[in-house]
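Asker: In case you want the letters, here they are:
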Amino acid sequence: MSITIIEAVLIGLWTGICWSGMLLGTYTFRSLVLATGVGVILGDIPTGLTIGAIAELAFMGFGVGAGGTVPPSPLGPGIVGALMAIRGGIAPETAFTLSIPFAIAFQFIQTALYVIMSGNHEAAKRAIKAGSFGKFRLIANSTLILFIVFGFILGFTSAISSDVISGFANKLPKEILSSLQLAGKMLPAIGFATILSVMSKKELIPFMLIGYVASAYMKLPVMAIALIGTACAFFIFNQKEETKVESEVFEDGI
Amino acid sequence: MASNILTKKDFFNTTLRAFFLQNGFNYSNYQGTGYANVIYPALKKIYKDNPEKLKEVLLDNVEMYNTNPHFVPFVTNIQLVMLENDVATEDVRNMKMALMGPLAGIGDSLSQFLLAPLFSTICATLAMNGQISGPVLFLLGLNGILLTIKILTGMYGHKLGTSIIEKLSAQMSKLTNAASIVGVMVISGLVTNHVKIGVPFKYVQKIGDKEQVVQLQKMIDGIAPALLPVLYTGLMYYLLKKKKWNTYQLVILTIVIAFITFNLKIFA
Numbered sequence: 002m003s004i005t006i007i008e009a010v011l012i013g014l015w016t017g018i019c020w021s022g023m024l025l026g027t028y029t030f031r032s033l034v035l036a037t038g039v040g041v042i043l044g045d046i047p048t049g050l051t052i053g054a055i056a057e058l059a060f061m062g063f064g065v066g067a068g069g070t071v072p073p074s075p076l077g078p079g080i081v082g083a084l085m086a087i088r089g090g091i092a093p094e095t096a097f098t099l100s101i102p103f104a105i106a107f108q109f110i111q112t113a114l115y116v117i118m119s120g121n122h123e124a125a126k127r128a129i130k131a132g133s134f135g136k137f138r139l140i141a142n143s144t145l146i147l148f149i150v151f152g153f154i155l156g157f158t159s160a161i162s163s164d165v166i167s168g169f170a171n172k173l174p175k176e177i178l179s180s181l182q183l184a185g186k187m188l189p190a191i192g193f194a195t196i197l198s199v200m201s202k203k204e205l206i207p208f209m210l211i212g213y214v215a216s217a218y219m220k221l222p223v224m225a226i227a228l229i230g231t232a233c234a235f236f237i238f239n240q241k242e243e244t245k246v247e248s249e250v251f252e253d254g255i
Numbered sequence: 053m054a055s056n057i058l059t060k061k062d063f064f065n066t067t068l069r070a071f072f073l074q075n076g077f078n079y080s081n082y083q084g085t086g087y088a089n090v091i092y093p094a095l096k097k098i099y100k101d102n103p104e105k106l107k108e109v110l111l112d113n114v115e116m117y118n119t120n121p122h123f124v125p126f127v128t129n130i131q132l133v134m135l136e137n138d139v140a141t142e143d144v145r146n147m148k149m150a151l152m153g154p155l156a157g158i159g160d161s162l163s164q165f166l167l168a169p170l171f172s173t174i175c176a177t178l179a180m181n182g183q184i185s186g187p188v189l190f191l192l193g194l195n196g197i198l199l200t201i202k203i204l205t206g207m208y209g210h211k212l213g214t215s216i217i218e219k220l221s222a223q224m225s226k227l228t229n230a231a232s233i234v235g236v237m238v239i240s241g242l243v244t245n246h247v248k249i250g251v252p253f254k255y256v257q258k259i260g261d262k263e264q265v266v267q268l269q270k271m272i273d274g275i276a277p278a279l280l281p282v283l284y285t286g287l288m289y290y291l292l293k294k295k296k297w298n299t300y301q302l303v304i305l306t307i308v309i310a311f312i313t314f315n316l317k318i319f320a
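If you read the sequences in order, they're chains A and B.
Note that my numbering has the first sequence beginning at 2, numbered continuously upward.
Note that my numbering has the second sequence beginning at 53, numbered continuously upward.
Just so you know, the hints here were simulated from the structure itself, not pulled from any lab data.
Just so you know, these numbers come straight off a predicted model, no measurement behind them.
For glycine and all other residues, C-beta sits at the position ideal for the given N, C-alpha and C.
Misleading hints may appear alongside valid ones.
[What the hints assert, rightly or not] Stretches of chain A that chain B covers, calculated by requiring three or more beta carbons in the stretch to come under 8 angstroms of a beta carbon on chain B:
id, segment
1, 74-87
2, 158-169
[Stated by the list, open to error] Some chain A residues judged to face chain B by a derived CB distance under 8 angstroms, without partners named:
id, residue
3, Gln108
4, Phe109
5, Lys130
6, Ser133
7, Leu173
8, Pro174
9, Leu178
10, Lys186
11, Ile191
12, Ile226
13, Cys233
14, Asn239
15, Gln240
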């Protein structure tokens, strides 16, 4: 099924709105949110949720970066990947791996936009000196406006050309598609490893083991593991405070 | 005597305007243009009889700035208190620049490294099971917490001044530790569900008339379930932390390994 103009316009609008969240700090610009929206627009929420979740977990590592750096864009899997999976009939894992080049291309576009907007520093100064505060406020929102416009263009173009992209992907030999699917199943390991490398300390190894046992052996759902974790955290901190108080009393004794 | 040109409402509005901090983001002054815009309405009120001073202060504030958007109300509100009390420009600037780094550090580690990954993993798992509540909870939960942080830091900034930053980092380290415990536990669990590596190798043995199929995967599961996903994540962790690989190199490595092992029928 190909995409109608109305669907393409809606996807364009959705992309623009979500991309603005990158600046507003509202986290709408994540694969999970983007792909779910595409699923809602195209009437296939389950597939949207699946590819969104796969990409969200795999891209988690990319979210961890120093301030101001641009990670690969979630627009890749969140929009292009979702389109391939929903209308192109490509397996979600395969669609995710195939969308990575798009994520990197969109990342370059975003960096380019920031570079282009560098002029707004001088423009803002000139507007203030001239006393035109209305113009200053417009300049202060210029990157946001640009993101919404470019987001619309990127989303709309991706939707319109998704037949071509999916058609090309479907012509790939079966071995390549299956290998890409395996890659899609392995890639979340990078996201998990990145987050663990930021959080982990030697003292946390017991909790990693509990998490593993709870999931692999006991098959507990993730919410249950999160609750066990919260219980452990409470327990540890209550104990720490008690020992602190005791040692303070002891010091007073000396 | 503290002067009170600005009301509580003005400070609250400035706090909410923190959402606009990055609307003029660029690679020249980063959040600078947006920062000036965030405090603009409050400045207009402070300098309503002195348009030249308003221009001067705004120009001072379009200079380069880059911090965490959820903690910025702390800076803006301290700055506004200082400005309405005519504190020397240089002192105000020093305070603003001194807070930039620490707040970026505290804020980024809390929002990007802890809250976002935590919500992301839990909500993606809900979504994987076909529940639309996943993305909804992700947006509502995360933004609820981040808005609360904005309002609290804004109130602190207004009321207490710079000494609070030390208190804040002490409490933050506690919160960070607690969140780390939950985080590593959840993520260790998720590795076993969401990284999928299987071994297709089968060995068929004929004993008399009976055929006995030995599946390598079942033997591995007998040793430890999800052993390969755990080991592969461990390898990624090792390359990241000890060998300082970046994420792109890991993505390429993973795709290459997937191609080779799939076609040699080692992994599936």
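Asker: If a hint holds in the structure, say so; if it doesn't, say that too.
Answerer: Now for the hints, and whether the structure bears them out:
no.: 1; hint: 74-87; in the structure: violated (count 0)
no.: 2; hint: 158-169; in the structure: violated (count 0)
no.: 3; hint: Gln108; in the structure: violated, 11 angstroms
no.: 4; hint: Phe109; in the structure: violated, 13 angstroms
no.: 5; hint: Lys130; in the structure: holds, 7 angstroms
no.: 6; hint: Ser133; in the structure: violated, 11 angstroms
no.: 7; hint: Leu173; in the structure: violated, 12 angstroms
no.: 8; hint: Pro174; in the structure: violated, 11 angstroms
no.: 9; hint: Leu178; in the structure: violated, 10 angstroms
no.: 10; hint: Lys186; in the structure: holds, 4 angstroms
no.: 11; hint: Ile191; in the structure: holds, 5 angstroms
no.: 12; hint: Ile226; in the structure: holds, 5 angstroms
no.: 13; hint: Cys233; in the structure: holds, 6 angstroms
no.: 14; hint: Asn239; in the structure: violated, 11 angstroms
no.: 15; hint: Gln240; in the structure: violated, 13 angstroms
Of the numbered hints given earlier, the model fails hints 1, 2, 3, 4, 6, 7, 8, 9, 14, 15; all others are met.
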